[in-house]
Amino acid sequence: MKFDECLPFVDCTLKLKTAGYLKCTTNTVRTGPRCQVECQRYAEKPSTDKKTYQCDVTGRWDPPLPHCVVREGIDVVQPPPNMFHAKMDYPQ
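Remember, our numbering sits 15 above the position in the sequence shown when you count from 1.
Take these hints with a grain of salt, some might be off.
Result set (PhoX-like, lysine-lysine): computed pairs, CA atoms no more than 20 Å apart in a straight line [unchecked claim]:
#: 1; residue 1: Lys30; residue 2: Lys60
#: 2; residue 1: Lys30; residue 2: Lys66
#: 3; residue 1: Lys60; residue 2: Lys32
#: 4; residue 1: Lys32; residue 2: Lys66
#: 5; residue 1: Lys65; residue 2: Lys32
#: 6; residue 1: Lys65; residue 2: Lys30
#: 7; residue 1: Lys66; residue 2: Lys38
#: 8; residue 1: Lys38; residue 2: Lys65
Rather than coming from a laboratory, the hints here were simulated on the basis of the structure.
Just need the whole structure built from these sequences, with the hints factored in.
This is the structure:
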């Protein structure tokens with residue numbers, strides 16, 4: 016059985032940073048997530064209409080994200096200081 020070459024994982028998760036609407040569909044094998052975003056007015060920033068945004072395999076959003084959302088990001092946990100298991104490859 017032949018396997019296709021693996022693609023890297025791209026983190027496209029978003030969260031609201033100011034008042035607005037955010038609804039995302041999860042990524043599929045061929046496409047990254049799509050999110051509907053609508054921003055409410057905040058300080059000097061105007062409100063925006065609900066629009067669909069697409070994340071590509073490089074982690075870029077098209078069109079660029081509006082002011083009310085930010086990338087959430089993934090926290091990578093450091094390996095334990097005491098490694099008790101022999102013959103284990105821990106990330107550095």
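Verification of the supplied hints:
1. Simply put, Lys30 and Lys60 have alpha-carbon atoms about 17 Å apart, close enough for the 20 Å limit, and the pair holds.
2. The straight-line distance between the Cα atoms of Lys30 and Lys66 is roughly 16 Å, inside the 20 Å bound, and the hint therefore holds.
3. At most 20 Å may separate the alpha-carbon atoms for a hinted pair to count; Lys60 and Lys32 meet this at roughly 13 Å.
4. Straight-line distance between C-alpha atoms of Lys32 and Lys66 comes to about 17 Å, which keeps the hinted pair within the 20 Å bound.
5. A hinted pair counts as satisfied when its Cα atoms are at most 20 Å apart, and Lys65 with Lys32 qualifies at roughly 16 Å.
6. For the hint pairing Lys65 with Lys30, the CA-to-CA distance comes to about 15 Å; that is within 20 Å, so the pair holds.
7. For the suggested pair Lys66 and Lys38, the alpha carbons sit about 11 Å apart, so the restraint of at most 20 Å is met.
8. Between Lys38 and Lys65 the alpha-carbon distance is near 10 Å, which keeps this suggested pair within the 20 Å criterion.
Every hint, counting from the list given before, is met by this structure.
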